[in-house]
Amino acid sequence: MADKVKLVSGPSTIHARGDVWVVELPRFGPEGTHYHTYGLLTPYFKGLADGRLLGTRCTNTGCPIGRGAGELWLPPRADCPDCHQPMVWDEVKAPAGYIYAYTYVERGGTGLEIECPYYQIDVKIEGVYTIVKSYLADRAPIKIGDRVRAKFRTGAEATHTALDLYFELTQ
Amino acid sequence: MISFAPGNLRVPKWTRPVYMVAAGTTDFRKRYPEKKLEELCMMAFRMLLEENDLKLDPLEVKGLFNLACYGEFADHFQDQLLCEAKVHDYLGLDPLPNVGIKTGGATGGSAMLMGATTVASGMSDCTLVLGWERMDEVKTWTGNYYIATAACKDFETRLGRIYASYYAPMARRFQEMYGVDERVRAAIAVKNRGYACHSPFSQQPGRHTIEDVLAGNIVSDPLRFLECCAMSVGSSAAILCSEELAHTLTDHPVKLYIAGGSHTLRTGDRRPMRIPLLPHETEEDYRQLYADMEKQDGRWPGFESFGATRFAAYMAYRMAGVQVPIEDLDLVETHDAFTISDLQTYGDVGLTLYGREQDYVTSGDCYHANPHTGRPGQCPSNLSGGLLGTMHAVGATGIFQCGEVFWQLQGKYDKFHGEPAMWTRFGKTKPADWSSLQVEDPRRGLAISHAGVGSHVTCAVLEKAW
Numbered sequence: 001m002a003d004k005v006k007l008v009s010g011p012s013t014i015h016a017r018g019d020v021w022v023v024e025l026p027r028f029g030p031e032g033t034h035y036h037t038y039g040l041l042t043p044y045f046k047g048l049a050d051g052r053l054l055g056t057r058c059t060n061t062g063c064p065i066g067r068g069a070g071e072l073w074l075p076p077r078a079d080c081p082d083c084h085q086p087m088v089w090d091e092v093k094a095p096a097g098y099i100y101a102y103t104y105v106e107r108g109g110t111g112l113e114i115e116c117p118y119y120q121i122d123v124k125i126e127g128v129y130t131i132v133k134s135y136l137a138d139r140a141p142i143k144i145g146d147r148v149r150a151k152f153r154t155g156a157e158a159t160h161t162a163l164d165l166y167f168e169l170t171q
Numbered sequence: 172m173i174s175f176a177p178g179n180l181r182v183p184k185w186t187r188p189v190y191m192v193a194a195g196t197t198d199f200r201k202r203y204p205e206k207k208l209e210e211l212c213m214m215a216f217r218m219l220l221e222e223n224d225l226k227l228d229p230l231e232v233k234g235l236f237n238l239a240c241y242g243e244f245a246d247h248f249q250d251q252l253l254c255e256a257k258v259h260d261y262l263g264l265d266p267l268p269n270v271g272i273k274t275g276g277a278t279g280g281s282a283m284l285m286g287a288t289t290v291a292s293g294m295s296d297c298t299l300v301l302g303w304e305r306m307d308e309v310k311t312w313t314g315n316y317y318i319a320t321a322a323c324k325d326f327e328t329r330l331g332r333i334y335a336s337y338y339a340p341m342a343r344r345f346q347e348m349y350g351v352d353e354r355v356r357a358a359i360a361v362k363n364r365g366y367a368c369h370s371p372f373s374q375q376p377g378r379h380t381i382e383d384v385l386a387g388n389i390v391s392d393p394l395r396f397l398e399c400c401a402m403s404v405g406s407s408a409a410i411l412c413s414e415e416l417a418h419t420l421t422d423h424p425v426k427l428y429i430a431g432g433s434h435t436l437r438t439g440d441r442r443p444m445r446i447p448l449l450p451h452e453t454e455e456d457y458r459q460l461y462a463d464m465e466k467q468d469g470r471w472p473g474f475e476s477f478g479a480t481r482f483a484a485y486m487a488y489r490m491a492g493v494q495v496p497i498e499d500l501d502l503v504e505t506h507d508a509f510t511i512s513d514l515q516t517y518g519d520v521g522l523t524l525y526g527r528e529q530d531y532v533t534s535g536d537c538y539h540a541n542p543h544t545g546r547p548g549q550c551p552s553n554l555s556g557g558l559l560g561t562m563h564a565v566g567a568t569g570i571f572q573c574g575e576v577f578w579q580l581q582g583k584y585d586k587f588h589g590e591p592a593m594w595t596r597f598g599k600t601k602p603a604d605w606s607s608l609q610v611e612d613p614r615r616g617l618a619i620s621h622a623g624v625g626s627h628v629t630c631a632v633l634e635k636a637w
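Quick mapping for you: the protein sequence lines, in order, are chains A and B.
Just so we're aligned: 113 in our numbering is position 113 of the first sequence, and the numbers increase by one with no gaps anywhere.
Quick note, our numbering runs 171 ahead of the 1-based positions in the second sequence.
Hints in this document: simulated from the structure, not taken from any laboratory.
Keep in mind that this is a model prediction, so the values were computed, not measured.
Treat the hints with caution; some may be incorrect.
What the hints assert, rightly or not - A short, non-exhaustive set of chain B residues, derived as facing chain A with CB atoms under 10 Å: (1) S174; (2) P177; (3) T313; (4) C323; (5) K324; (6) G331; (7) S336; (8) Y338; (9) P340; (10) A342; (11) G350; (12) D352; (13) R354; (14) S391; (15) D392; (16) T419.
Glycine included, each C-beta is placed from N, C-alpha and C at the ideal position.
Assemble the whole structure, with the sequences as input and the hints as a guide.
Encoded structure:
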């Protein structure tokens, strides 16, 4: 078993429909594929493939919670749940944080694309309000509070899915 | 931080009270090739009509139904859309209306909730609530894939196609925050699987030790094999009716109060909020907890607790007049799909304060007989054997739990669990060391039905009404 976690799948097939990405989610061969749209969240997935982590925040001054300077949501949302107005995109620069919770997955269900065993981690990223679920490239023992930084699958390595964001321990 | 508007905290006010008068169930198995799904539903339906000492003949009772609420968790397990129509027809209930209800693991509880509202509103005088799941058509690891589609498809599911991997981080965080000894989680598995030994319906009874649990294979660290429920097949049912009909049908009716709550599909998206207080709690009770949370970058409900469960209990206790849960409740069924969810729930439903869940379990109050004193535990939990020991045929689960509480309130634990014929019906032999888990003269019980990582929860309070 190598030190670093690998994916056992290749890139997902993506169809551009105007500005949005529609990703193929095959169930049983090409005829059984689901065509799943990323809709207004497409910039997030495009961002990952470019090595950028994008969240959204509410800038509506009339929002009862954000009051014009809402927190950064990640996963992003196109619309604010508090005032229903469109949120705006904002990049998290050099994303880093600490492990808030984690589990070591010894075996996953059918179709899992991450090579077991691996750490599924929940990361408190600096500047981000929510806690982001992801996976860790390292297999070394970890604990809550360990520092991590974001890594990306970009270019030919990109899967065009949430798997394009992962983390590694900060040495 | 988010807060509730006063209108959102309105306590449900039903137009008329709702009664439960009968329960029925199959046994539960990992694989049940002997019967088709609708045949299993018929088994539960017949027990419902024929074995609850109702004062009318089974077909006369059937003649009272106005509507059916059906619980089925996942169309892809059954591989059959509109399964409700098949079951309804098979039970001979056409052309009465029926609705299918679907809220993940809380499907059974939500079917009870919706069934109750049909009676409370006057839409129906007598409602059948029946649920099922058939999880044996696919291999276990494909079943795990199906269940993990209850995680967020865009941002989570690819990170773990087994649902234990979504509970394990909560267990890890809970353990860290409250200094939980893993032996406490193991004790929950031992207790509930042990109670399942006394149930003819149970799928995986076992007399385990804490050491057995801790020596088991890891499913998703820190959760071990015996800490997780299994794929399950079976069906359960209940009859809900008006007060007038309840007294026509039985001398031992049970009053039902039930409410629900919900909270994000993704645990990490839960925004911090102040704890909605139960009738017996004060802000002062949680001053220290908030301070401790701050030190650990914690938030309520965070990864440690279930906001949906607290919200449902907040409503159900006020509907039922429950003031101090540990004194006013005589037994409880929690949704112990994993040991950690059982532990987390004791704070949510106020049997103890948040942060003291571990102490509550070690106190022995959640046992039929308190292991420290040998005397009855104050509020035993999961005497049915729970999800860990007895069943989690998902669409049936919340209904099964209410049924077990219902029989306890009627003093019928022995009738349904202790008759040798009940064991032989399911191809089993009543164990020589069988003992009764009947609670002594219980007045009120609680059943929690729970979905996702706490996405939907119902809280039912059942109360003796004779």
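Structure-based check of each hint:
Proximity of S174 of chain B to chain A holds as hinted, the smallest CB-CB distance being about 9 Å (cut-off 10 Å). The beta carbon of P177 of chain B is not positioned within 10 Å of any beta carbon in chain A (closest approach about 14 Å), and the interface hint is therefore violated. At a threshold of 10 Å, the smallest CB-CB gap from T313 of chain B to chain A is about 4 Å, leaving the interface hint in force. The closest approach between the C-beta of C323 of chain B and any C-beta of chain A is roughly 7 Å, which is under the 10 Å cut-off, so the hint is satisfied.
Annotation: interface hint on K324 of chain B holds; nearest CB of chain A at approximately 7 Å, less than 10 Å. Interface restraint check: G331 of chain B against chain A, minimum CB-CB distance 5 Å, threshold 10 Å, status holds. Proximity of S336 of chain B to chain A holds as hinted, the smallest CB-CB distance being about 5 Å (cut-off 10 Å). Of the supplied interface hints, the one on Y338 of chain B holds, with its beta-carbon coming within about 8 Å of a beta-carbon of chain A, less than 10 Å.
Contact between P340 of chain B and chain A, as hinted, is supported at the beta carbon level, the nearest pair being about 4 Å apart and thus within 10 Å. Taking 10 Å as the C-beta cut-off, the interface hint given for A342 of chain B holds, the closest approach to chain A being about 8 Å. The beta carbon of G350 of chain B comes no nearer than 13 Å to any beta carbon in chain A, farther than 10 Å, and the hint placing it at the interface is violated. Annotation: interface hint on D352 of chain B violated; nearest CB of chain A at approximately 17 Å, more than 10 Å.
Interface hint at R354 of chain B: violated, since its Cβ lies 19 Å from the closest Cβ of chain A, which is beyond the 10 Å cut-off. At its closest, the beta carbon of S391 of chain B sits 5 Å from a beta carbon of chain A; the interface hint therefore holds under the 10 Å criterion. About 4 Å separates the beta-carbon of D392 of chain B from the nearest beta-carbon of chain A, less than 10 Å, and the hint is met. Hint status for T419 of chain B: violated, given a least beta-carbon distance of 48 Å to chain A, over 10 Å.
In summary, the structure is inconsistent with hints 2, 11, 12, 13 and 16 from the numbered list given earlier, while agreeing with the others.
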